[in-house]
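Chemist: Here's the letter readout for the chains.
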Amino acid sequence: METINVLLELFPYAILGSIAAGIICSFLGVFVVSQRVVFLGAALTQAAIAGVAFAFLHLINLEELIASVFGITVIEDSFLHHFEHTFFSLLFAVIAVLIFSQSYRQKFLTKDSLLGIIFVIAIAMRIIFIQKSPSAEVAEIESILKGDILFIGSAEFYTLLVILIIILLIFSLFSKQLKFVTFDADTAAAHGVNDRFWLLLFYLTVGIGISLTTRFVGDVFTFAFLILPASIAILISKKISQVFITAIFIGAIIPPLGIYFAFEFDISSGPTAVAAAFALFIIVYIYKKLLSD
Amino acid sequence: MDNKVNSTLIELKDISIGYGNKVLHKNINIIIEQNDFIGLVGPNGSGKTTFLKTLLGNIKPLFGSINKKEITFGYVPQRDTVQPLLPYSVYDVVMMGRYSLMGLLKLPSKIDEHIVDSSLEKVGISVLRNHSYNSLSGGQRQRTLIARALAVEPLVLILDEPTNGMDTPSHYSLLNLISELHNKNNLTVLLVSHLLSDVANLVKKLMLFEAGRFRSGTIEDMLSEKNLGQTYSANIEVKKINGEYHIASRHKE
Numbered sequence: 416m417e418t419i420n421v422l423l424e425l426f427p428y429a430i431l432g433s434i435a436a437g438i439i440c441s442f443l444g445v446f447v448v449s450q451r452v453v454f455l456g457a458a459l460t461q462a463a464i465a466g467v468a469f470a471f472l473h474l475i476n477l478e479e480l481i482a483s484v485f486g487i488t489v490i491e492d493s494f495l496h497h498f499e500h501t502f503f504s505l506l507f508a509v510i511a512v513l514i515f516s517q518s519y520r521q522k523f524l525t526k527d528s529l530l531g532i533i534f535v536i537a538i539a540m541r542i543i544f545i546q547k548s549p550s551a552e553v554a555e556i557e558s559i560l561k562g563d564i565l566f567i568g569s570a571e572f573y574t575l576l577v578i579l580i581i582i583l584l585i586f587s588l589f590s591k592q593l594k595f596v597t598f599d600a601d602t603a604a605a606h607g608v609n610d611r612f613w614l615l616l617f618y619l620t621v622g623i624g625i626s627l628t629t630r631f632v633g634d635v636f637t638f639a640f641l642i643l644p645a646s647i648a649i650l651i652s653k654k655i656s657q658v659f660i661t662a663i664f665i666g667a668i669i670p671p672l673g674i675y676f677a678f679e680f681d682i683s684s685g686p687t688a689v690a691a692a693f694a695l696f697i698i699v700y701i702y703k704k705l706l707s708d
Numbered sequence: 012m013d014n015k016v017n018s019t020l021i022e023l024k025d026i027s028i029g030y031g032n033k034v035l036h037k038n039i040n041i042i043i044e045q046n047d048f049i050g051l052v053g054p055n056g057s058g059k060t061t062f063l064k065t066l067l068g069n070i071k072p073l074f075g076s077i078n079k080k081e082i083t084f085g086y087v088p089q090r091d092t093v094q095p096l097l098p099y100s101v102y103d104v105v106m107m108g109r110y111s112l113m114g115l116l117k118l119p120s121k122i123d124e125h126i127v128d129s130s131l132e133k134v135g136i137s138v139l140r141n142h143s144y145n146s147l148s149g150g151q152r153q154r155t156l157i158a159r160a161l162a163v164e165p166l167v168l169i170l171d172e173p174t175n176g177m178d179t180p181s182h183y184s185l186l187n188l189i190s191e192l193h194n195k196n197n198l199t200v201l202l203v204s205h206l207l208s209d210v211a212n213l214v215k216k217l218m219l220f221e222a223g224r225f226r227s228g229t230i231e232d233m234l235s236e237k238n239l240g241q242t243y244s245a246n247i248e249v250k251k252i253n254g255e256y257h258i259a260s261r262h263k264e
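Residue numbers (my numbering), protein chains in the order written: chain A, 416 to 708; chain B, 12 to 264.
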């Protein structure tokens, strides 16, 4: 109880942010897992990380760019400094999504191969970018890439909250179109639904959600929470609404638990949350297996 | 003459179909009329699906034009291409047929629900309304996909290899259902199959696809041993016994 009080006092935004990140990943994860494009999660997290690493090269000065495009003077501040990482993480993820979304235009590569290429190129770029970054900033880069949940502050939490609201809004308003194209894109197109547009919107939303959570909580947490809550929910649910409710519930509950155990045993919070989610997955899987036997 | 003009639903004029620079068929000229029942037959990879996608507007013809009125198509894809991990109910799946007809942000109305229920009834699976699509047999899944196509209230129903991988009773039961939908509802039906025996005694017209060659006509004109032999590159025997076509491949002695 004492640990909980300390955590609530010292890391309120870390707890709230981890819940928001968990919900974003688990909600998007239902679509990613059911679309059988789990590797998209891996590729996008690496693209987002390559974007963060690129920001540290300082090749493009965002302040100057904004000033020249909009004709305004931007005073150098810490918000813009952090925004730069987020911007390039988003940009790289969006570019990866746009490349992936073109897979239907060609027949030479499978979706898997394309994702594999994006994945390895992103990792290679990340390594090169870090090598070429100013050595003084390498520690900061590594800490961002690792993404410790406990470093989530109010700005990160509110950003995650806004992204969560936008994602839920998009999927609520356009649930019909997104449901149809992710279920059976060919028939949706035959029935007059613009499948390419809606699939692009779907992948862009997934890309934005993944890149921002990767930026704030790291690639391991993001990828794990894309897969594990959705997989557990699909294992135990009999109705489509149950899948979403279960996945979101797991995505919201496990991260704060991870923070609690991490604090209690003095270990990293992200990997602890992943281990907790995996433990739950194993329990559910064995239970399901025993029931079916 | 006027009747014939009014009954024309789709007219394909000198169209060429294919992908990119690859032309699969050229100079296709065909008229699809109301209440037609057409079989699209040919070996795998002969261009049947490309033809369908062109007809549906999913891909553009490489050359030529397709004149069609405001036609609503009901499309039934190959069953194996729809294998959801999510536990959608039969009702959910059939309701998707209504999505393209609703407003962008509108929810299903009572009328939509009524049409979905009526579509389920037409294919004889009303009792499966709340079952999970994943828990259904192959035949039941195919009926669900047909009900979804009917929920569009289509003028033209297009079925892509609907009996693939089915056991014999389900196979014939499904062909009977398709025939019944055509006869009772005056539905124009395009049925794709690589099994000639499936369509020979069912359809009124036939489109034969073979590599680089496309032919179409009435079933009587098209079902000659010469035509089929060329299409399938085999020695094929066609017999009509008690009004039914029997088609078999002759084995060399």
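Read the hints as simulated data drawn from the structure, not as lab findings.
Where is the CB? At the ideal position from N, CA and C, for every residue including glycine.
There may be inaccurate statements among the hints.
[Unchecked claim] To list a few chain B residues with every Cβ distance to chain A over 10 angstroms, as calculated:
(1) Gly108
(2) Arg159
(3) His182
[To be verified] Simulated DEER-style distance windows between Cβ atoms:
(4) B:Asn246 to A:Leu650: 51 to 57 angstroms
(5) B:Gln94 to A:Ile682: 26 to 32 angstroms
(6) B:Ile122 to A:Leu524: 41 to 47 angstroms
(7) A:Ile581 to B:Ile122: 45 to 51 angstroms
(8) B:Tyr30 to A:Ile581: 35 to 41 angstroms
(9) A:Leu524 to B:Gln94: 55 to 61 angstroms
(10) B:Glu164 to A:His473: 36 to 42 angstroms
(11) A:Asp527 to B:Arg261: 39 to 45 angstroms
(12) A:Leu583 to B:Ser120: 55 to 61 angstroms
(13) A:Phe485 to B:Val34: 47 to 53 angstroms
(14) B:Val138 to A:Ile581: 39 to 45 angstroms
(15) A:Arg451 to B:Ser27: 19 to 25 angstroms
(16) B:Gly135 to A:Pro686: 21 to 27 angstroms
Chemist: So which of those numbered hints doesn't the model satisfy?
Modeler: Of the numbered hints given earlier, those the structure breaks are 1, 2, 5, 7, 9, 10, 12, 15, 16, listed in rising order.
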